[in-house]
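These protein sequence lines map, in sequence, to chains A and B. Here the UniProt record's numbering is used: position 172 in the first sequence is 172, and no number is missing along the way. Here the UniProt record's numbering is used: position 236 in the second sequence is 236, and no number is missing along the way.
These are calculated hints, taken from the structure and not from any lab test. Note that beta-carbon positions come from the ideal geometry of N, C-alpha and C, so glycine has one too. There could be a bad hint or two in this list.
Some but not every residue of chain A turned toward chain B, in silico, with C-beta under 8 Å [claimed, not checked]:
| id | residue |
| --- | --- |
| 1 | Asn59 |
| 2 | Thr177 |
| 3 | Leu202 |
| 4 | Leu247 |
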Amino acid sequence: MANTLLEALNVRVVGSGDRILVLAHGFGTDQSVWQRILPFFTPNYRVILYDLVCAGSVNPDYFDSTRYDTLDAFVDDLLNILKALGVHRCAYVGHSVSAMIGILASIRCPQLFSKLILIGASPRFLNDENYHGGFELGEIEEVFSAMEANYEAWVNGFAPVLVGADVPTAVREFSRTLFNMRPDISLFVSRTIFNSDLRGELGKVRVPCCVIQTAKDVSVPASVAEYLKTRLGGRTTVEILRTEGHLPHLTAPVLLAQVLRRALPR
Amino acid sequence: MAAGTSSNVHLHDIPDVILSNIFSLETETRTRNAMSLVCLKWLLLERSTRKSLTLRGNIRNLFLLPTCFRAVTHLDLSFLSPWGYPLLDSFSNPLVLAQFLRHAFPSVVSLIAYVRNPLTLHLLASQWPNLQHVKLVRWHQLWPAAPVGSDLVPLFDHCPMLSSLDVSHFYCWTEDLPPVIQAYPSIATSLSHLNILKHDSSTDGFKSHQLLSITACCPNLRKLLATCIFNPRFIGFISDQTLLTLALNCPLLSLLHLADSTSMSNVRPNLIEDASISFATLGDVFSKLPLLEELVLDVCHNVKHTWPALELLNTKCPMLKSLRLGQFQGICRGIASPPDGVALCQGLESLSIKNCTDLTDKALIAISHGCHRLSKFEVLGCNQLTRKGMWEFTHNLRKTLVDVKISYCKNLNAVSSLQALEPIRDRIVKLHIDCVWASIIGEEKSLKNWSKLKYLSLWIAVGELLNPLSLSGLNGCPSLEEIQIKIEGDCRDQPKPFMDAFGLSSLTCYPNLTRMILDCSGVTGYALTAPVGHTDLSLWERFFLSGIQDSTLNELNYWTAQDVDVNQRCLFLPAAGLLAQCGSLRKLFIHGTANEHLMMFLLGNPTLRDVQLREDYYPAPDNDTITEMRVGSCCRFEDALNSSSRHVPD
Numbered sequence: 001m002a003n004t005l006l007e008a009l010n011v012r013v014v015g016s017g018d019r020i021l022v023l024a025h026g027f028g029t030d031q032s033v034w035q036r037i038l039p040f041f042t043p044n045y046r047v048i049l050y051d052l053v054c055a056g057s058v059n060p061d062y063f064d065s066t067r068y069d070t071l072d073a074f075v076d077d078l079l080n081i082l083k084a085l086g087v088h089r090c091a092y093v094g095h096s097v098s099a100m101i102g103i104l105a106s107i108r109c110p111q112l113f114s115k116l117i118l119i120g121a122s123p124r125f126l127n128d129e130n131y132h133g134g135f136e137l138g139e140i141e142e143v144f145s146a147m148e149a150n151y152e153a154w155v156n157g158f159a160p161v162l163v164g165a166d167v168p169t170a171v172r173e174f175s176r177t178l179f180n181m182r183p184d185i186s187l188f189v190s191r192t193i194f195n196s197d198l199r200g201e202l203g204k205v206r207v208p209c210c211v212i213q214t215a216k217d218v219s220v221p222a223s224v225a226e227y228l229k230t231r232l233g234g235r236t237t238v239e240i241l242r243t244e245g246h247l248p249h250l251t252a253p254v255l256l257a258q259v260l261r262r263a264l265p266r
Numbered sequence: 001m002a003a004g005t006s007s008n009v010h011l012h013d014i015p016d017v018i019l020s021n022i023f024s025l026e027t028e029t030r031t032r033n034a035m036s037l038v039c040l041k042w043l044l045l046e047r048s049t050r051k052s053l054t055l056r057g058n059i060r061n062l063f064l065l066p067t068c069f070r071a072v073t074h075l076d077l078s079f080l081s082p083w084g085y086p087l088l089d090s091f092s093n094p095l096v097l098a099q100f101l102r103h104a105f106p107s108v109v110s111l112i113a114y115v116r117n118p119l120t121l122h123l124l125a126s127q128w129p130n131l132q133h134v135k136l137v138r139w140h141q142l143w144p145a146a147p148v149g150s151d152l153v154p155l156f157d158h159c160p161m162l163s164s165l166d167v168s169h170f171y172c173w174t175e176d177l178p179p180v181i182q183a184y185p186s187i188a189t190s191l192s193h194l195n196i197l198k199h200d201s202s203t204d205g206f207k208s209h210q211l212l213s214i215t216a217c218c219p220n221l222r223k224l225l226a227t228c229i230f231n232p233r234f235i236g237f238i239s240d241q242t243l244l245t246l247a248l249n250c251p252l253l254s255l256l257h258l259a260d261s262t263s264m265s266n267v268r269p270n271l272i273e274d275a276s277i278s279f280a281t282l283g284d285v286f287s288k289l290p291l292l293e294e295l296v297l298d299v300c301h302n303v304k305h306t307w308p309a310l311e312l313l314n315t316k317c318p319m320l321k322s323l324r325l326g327q328f329q330g331i332c333r334g335i336a337s338p339p340d341g342v343a344l345c346q347g348l349e350s351l352s353i354k355n356c357t358d359l360t361d362k363a364l365i366a367i368s369h370g371c372h373r374l375s376k377f378e379v380l381g382c383n384q385l386t387r388k389g390m391w392e393f394t395h396n397l398r399k400t401l402v403d404v405k406i407s408y409c410k411n412l413n414a415v416s417s418l419q420a421l422e423p424i425r426d427r428i429v430k431l432h433i434d435c436v437w438a439s440i441i442g443e444e445k446s447l448k449n450w451s452k453l454k455y456l457s458l459w460i461a462v463g464e465l466l467n468p469l470s471l472s473g474l475n476g477c478p479s480l481e482e483i484q485i486k487i488e489g490d491c492r493d494q495p496k497p498f499m500d501a502f503g504l505s506s507l508t509c510y511p512n513l514t515r516m517i518l519d520c521s522g523v524t525g526y527a528l529t530a531p532v533g534h535t536d537l538s539l540w541e542r543f544f545l546s547g548i549q550d551s552t553l554n555e556l557n558y559w560t561a562q563d564v565d566v567n568q569r570c571l572f573l574p575a576a577g578l579l580a581q582c583g584s585l586r587k588l589f590i591h592g593t594a595n596e597h598l599m600m601f602l603l604g605n606p607t608l609r610d611v612q613l614r615e616d617y618y619p620a621p622d623n624d625t626i627t628e629m630r631v632g633s634c635c636r637f638e639d640a641l642n643s644s645s646r647h648v649p650d
């Protein structure tokens, strides 16, 4: 079972060193998104990379929609991988949805993680009273219903462009990586992410965290970083990158790598 | 069998020997496959006369190798799936597989193989010691710790009869070759064909001393193609002395092709730099190569006052049929009435002139008078030529000219090029023009019939549309079978295209068009990294491919655009969706990577039967650094493509 998991999720261990670093990608990408960050860490760390089950590079047959209807199943996958590799302690870097997965994993197994580094993280994407998550339910529903109603248009990639003309930049930005996954899986996981609300869990985190945010990320408002800092249970720092965009590991790898180095425990 | 005769002679009355000769003349694979289904006798005859075979199929199915093609002498193993995978590495006993290959194809003397590591070559070469012609292919990066020359040693070790070697698509260092050639002198002296061109832009080309050391060991070379360094600022540049010594080393050359290392990537003329080659030496070189039939000197640096040398070319190399010159100035002055320079080379059938900035209309017309047998003509970057001169040229050669290429000549845009070709409109078979549109409104209302045109090649800048093509004079091409479109440019700063579609649907006016090469590899843009407000490559991809669903194409080679920052060339959702709807497509070859689920979209296309991802560009992505199309994905896709539940109509 363990071996099929490692194979199915394309788990790779590269680099050499006595410390272990896990790089977890976010929605709509796969582990190749870390390729420009890797060279900075392979000399000193054993780096573990894997693909989320919803990534375009994983056999879609492995995606069981009854199992993956909440983030808990993704957390199971992560913990099973670390168990199969015999990892007892590691530092974890997670982007977007993987940041949330990392938070939940650290609540379940606090001794496993020495540090959590969260890039582009958000405990809840939908706006609420007194909480600005960045997205209104109505906007998101427009994208989802376009995806569902017109499969043909979705396949031709027209859905988000047609929708994108009317919806705010945040949704357009978020839907950019939407197509790197199979449409039904993509729709399902999007719903899972937008339905999740981890604000209540943040206080249970004991592991020290570093929240990394770009100066202008259309998918994650600036206030979210501050929110995380005040609510996360462990010692938390916030780093703002002097760059824009939701994918700093692709657009500004050198900058991000420097910040990661400083944030990782010695 | 002639219809209308009433004799009782049947095809089977013809003696077997003659029948076998008849069968040997047929080279088209589908025809041969059909012939082999007629009856047992024809099956055996077909199998015994099939000389050339390209294996397609998954490597893990190698044990299913057909053993009925025992007469095959030319075997191509470079297209096995997954493309570029180390051939025998995945088997626990690679030697047995290699022996099985030998058992299935005992008569192979010509081999093309994708070789990732020396072990593969060692195993293959040892199975076929009679190999005479070998072409190696590799676009992947080298193993970092490989010793110099280790890639080629197994071949030279096992194949003493090697006479022809082609490493033009094989990524290796230039330092690898000379020591190997020197270490095997007996093979070197019998080597007659050596192709060491470099098609990847990352290697520099052979230095002067390397070229000379190779040619010194191979005096019997008849064909030499090499990429070298003509820039006099670089160490090891090709000088007068180099060329002279080369000619002395290999006097039997019938094909000499020397290209500068920038010739593949850089088309704009390097007017500032001069090559260190004089016309006087060129003349000497030509006189030492009397057997020359084809000469290519693509120098990419100025060679001046060359007409005396070219006049000598005519007398010293009487068998010369094909000439290609890059950045030679003064090839023909055309000022006085007796022809001069290249116009004296009367035997030429093919002439290609690149970046000759001083070539005037008069000189061009003089060439058309002098080289009256020209059937193929290419002109690139000659900015003084005008439509009038070009028209005169084609008019003078209207009995012989069938293949013309006109590219980035300032005064010859699409419409003026087509007008200049009017005298050969009903003869021309192969044509290239750049799609530079001027004001073409109201230019061509009448139907222009290009009755023999079979192959059309176009260059177009990114952001331009294709639709004006049929309006500019190419609206009647009943015989057009194949079209090649190269799109080039940086779309990062371009505004989003204002039209929905590039214009592929305008190609439906060519009723017999079945093959297309759509080359967007020169388009650079943002894959996922577009800043806010900029357009992703996926939207550009939809722009380019929109309309392809209505085409009647059977075969498509699609080179994806690239994001140079992250070294990504991949297929996006719009392409997968649109290609899946292209109802007549049988063969699809994508030169880039693709995610598994996007490839699975293609299964919705009922007629597709041969699909492969070929990353034949340097550096080809290794499965370790990129997760798109891993081996497992490729195998699952091919299984699904070939499964019996898909009923392909023919």
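A quick look at each hint next to the structure:
no., hint, result
1, Asn59, "7 Å, holds"
2, Thr177, "6 Å, holds"
3, Leu202, "29 Å, violated"
4, Leu247, "6 Å, holds"
The structure does not agree with numbered hint 3 stated previously, though it agrees with all others.
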